[in-house]
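Chemist: Heads up, the sequence shown is in the numbering used here, so the first residue is 1 and it goes up one at a time.
A portion of the hints provided could be inaccurate.
Derived Cβ-Cβ restraints for the label pairs, each shown as a range [to be verified]: (1) VAL110 with THR153: 21 to 31 Å; (2) GLU294 with ALA156: 47 to 57 Å; (3) ALA293 with PRO155: 26 to 36 Å; (4) VAL272 with PRO130: 22 to 32 Å.
Calculated directly from the structure, the hints in this document are not laboratory data. Ideal Cβ positions, reconstructed from N, Cα and C, are used throughout, including at glycine.
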Amino acid sequence: MTERVPPDPGRDTGVAPGTATGDPPRAGTGRWKWALWFLVSLNLGLAASGVIEMRDAVALVLFLEIAALVLGIALLLRGISRARLSATSPQEALLAVFATLLPDSVARFVVLELLTFTTLFRWLLRRRSPGSASFAYHERSWLGALTLLVLLTTPAELLLLHLLVPWSWVRWLLLALALYGLAWLLGLWAGFRVYRHHLERDRLVLRYSFLHELSVPLAAIETIRAEPGRSPNGRDGLHVRDGVAWLAVGGRTDLVVELRAPVEAKRFLAPVGPIHRIHVAVDRPEQLLRALAEPRTAASAHPSTEAAPSRSGTETR
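Please construct the entire structure, taking both the sequences and the accompanying hints into account.
Modeler: Here's what the structure looks like:
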């Protein structure tokens, strides 16, 4: 089955807007960010070296601490201001704030760790169903079976550690690491339930837990069709090659989205692209196709879909 999404009158079909608005700030903020960490390192070095008199060292360290604190607060406020103006999601807003104080890769790591645990809490505290505009994709995932296996084996592993490891501090450290790993795995599993594919008024948001995301304006979609496929090497998650993206679960995909305008993906919160075609996994692809075929609202000006020619040249209905 092939569905064609006509262009939205009056809507720009250039490079998808808002695909990279949450990127960490680059010019300007970067040198101040490194200046902050230089002050912190200098502070620690002076405190540990003892190469100058104690009274002078205390005064200089105090001055550097005040300077680092003021600079850190200034960068944090700047990050919050940038996040309010440009971020299109809570994740991007949080990343914009942390990126003013930390190197970009470290900022992404911190935000992903926070998302792991906030996602778990969101899943535990959920009170309502996702709704008809959300679409699941987790049925083929091996993560559920792995999570159940870990839950069943963790108590026995902790008991063995307690009996076999003679050092108390090592037992506590291994216990903390085991519980952290279990919480991280549960958070990733919960992400499949919390971060579902979502059809908004003017865009289709495709996800793989909280790790990967593609936000596709409806005006940028040329066609969308049901076509089962496999990802490169049968791997899960987001893979991009030569302008083609696979968002696979269980190594498989169900729909193919052809784009008239390129978009960018977010892989571990970092932009990847441009992307011209998307292969995506959906548990019920026919439901997503029907939702796209329905008129959204008068405000979104999204027309009904119509059949498009298949690759063989015959029209599919």
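Chemist: Against the structure, test the hints numbered earlier, and report the numbers of the ones violated in rising order.
Modeler: 3
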